[in-house]
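Q: For this one, chain A is given, so just place chain B on it according to the hints.
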Amino acid sequence: MHAPWLWFSLLVLLSWGTLGVVQKLTTNIISAESALIWSVIGFICLQPLLYGGPAPFHYTSGALGWALLNGVFNGLGAWTLMAAMSAGGKASLVLPITAMYPLLVVLVAPALFHESISRLQAVGVACALISVVLISSDSAHGHS
Amino acid sequence: MYRLANIGQRVTTLKQKWFWYSITSAFCWAGFAISARYGSTELPANMMQFVAAFGFVAFGIVLLATRGFRLELNKRGAVYGTIAGVLLAAGGLALYAAYRGGSNTAVVTTATSLYPMFTVLLAVIFLHERITFRQSIGMLFAVAAIVILSL
Numbered sequence: 000m001h002a003p004w005l006w007f008s009l010l011v012l013l014s015w016g017t018l019g020v021v022q023k024l025t026t027n028i029i030s031a032e033s034a035l036i037w038s039v040i041g042f043i044c045l046q047p048l049l050y051g052g053p054a055p056f057h058y059t060s061g062a063l064g065w066a067l068l069n070g071v072f073n074g075l076g077a078w079t080l081m082a083a084m085s086a087g088g089k090a091s092l093v094l095p096i097t098a099m100y101p102l103l104v105v106l107v108a109p110a111l112f113h114e115s116i117s118r119l120q121a122v123g124v125a126c127a128l129i130s131v132v133l134i135s136s137d138s139a140h141g142h143s
Numbered sequence: 000m001y002r003l004a005n006i007g008q009r010v011t012t013l014k015q016k017w018f019w020y021s022i023t024s025a026f027c028w029a030g031f032a033i034s035a036r037y038g039s040t041e042l043p044a045n046m047m048q049f050v051a052a053f054g055f056v057a058f059g060i061v062l063l064a065t066r067g068f069r070l071e072l073n074k075r076g077a078v079y080g081t082i083a084g085v086l087l088a089a090g091g092l093a094l095y096a097a098y099r100g101g102s103n104t105a106v107v108t109t110a111t112s113l114y115p116m117f118t119v120l121l122a123v124i125f126l127h128e129r130i131t132f133r134q135s136i137g138m139l140f141a142v143a144a145i146v147i148l149s150l
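Protein chains in written order, with numbering that gives the first Met the number 0: chain A, 0 to 143; chain B, 0 to 150.
The set of hints was computed from the structure by calculation and includes no laboratory data.
As the structure is a prediction and not an experimental result, all values here were calculated from the model.
In silico lysine-lysine, DSBU-like type, Cα no more than 30 Å apart, as pairs:
| id | chain 1 | residue 1 | chain 2 | residue 2 |
| --- | --- | --- | --- | --- |
| 1 | B | K14 | A | K89 |
| 2 | B | K74 | A | K89 |
| 3 | B | K16 | A | K89 |
Here's a subset of chain B near chain A, in silico, CB distances under 7 Å, partners left out:
| id | residue |
| --- | --- |
| 4 | S21 |
| 5 | V119 |
| 6 | G137 |
With beta-carbon atoms standing in for the labels, derived distance ranges:
| id | chain 1 | residue 1 | chain 2 | residue 2 | range |
| --- | --- | --- | --- | --- | --- |
| 7 | B | R129 | A | L111 | 39 to 45 Å |
| 8 | B | I130 | A | V107 | 29 to 35 Å |
| 9 | A | A2 | B | I124 | 26 to 32 Å |
| 10 | B | R69 | A | S60 | 34 to 40 Å |
| 11 | A | V107 | B | W19 | 19 to 25 Å |
Virtual Cβ for every residue (Gly too), placed ideally from N, Cα, C.
Just chain A, same shape as in the assembly (with noise of 0.2 Å):
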């Protein structure tokens, strides 16, 4: 338990996992367009915080793009799971099928990254895909 990146990771865990119960609090009072609408503001309100050190463009602009590109994915990740659920979809079957995402990552991520996991990896891996799709499959929480 001793690298950074599950630290880390634990924090995505508790931070994300506490947004469920915020969203779901959010969305009994507002609809889920508003409440998107608004986490955009709290989005921004830790930018003051962020800015430090070099000026965005001393990075490259490969490396912006990917950061621009990754908040669009945020948001549109967001939005079409709020369509898919007023479309009609029940959030027992949206969800779970949603939160097949990490299984794309682990198909693309050698080609991508020329990265391999360990047998005890891809069992870790295995077991964290049956808890997402079982969880989810019973629950009306997305992380957007």
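A: Chain B alone, transformed into the frame defined by chain A:
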């Protein structure tokens, strides 16, 4: 006969809008993870979050425009929504740091996708929701995954 009905139901599902929105969403989250990994190799986590926010804001403006720039101004809803945005950003920041830590993309992505486990736990504690048998099994798999990936 049952088999034919089953095939028919599957074909109907493939014609449903919600199904394709769900598939698109899964691809978007995969794109989110891959772009996070690519960006994080050069940008530190804070700069990654700083720049990604502009993409997220651009999407928010488009969404707001499609609603005719109408936004629900319920006070509690706005506060909860804003807190959700802060949590989303905080999680993103930690995710970029995890990717930048140099670990395997597939391992970090699957480990961080376990967040519904915490949502369910918190929902049980604070919203007094009940946990289903299937979710309990899912929680066991999540704990097993975290332990195995931490070895």
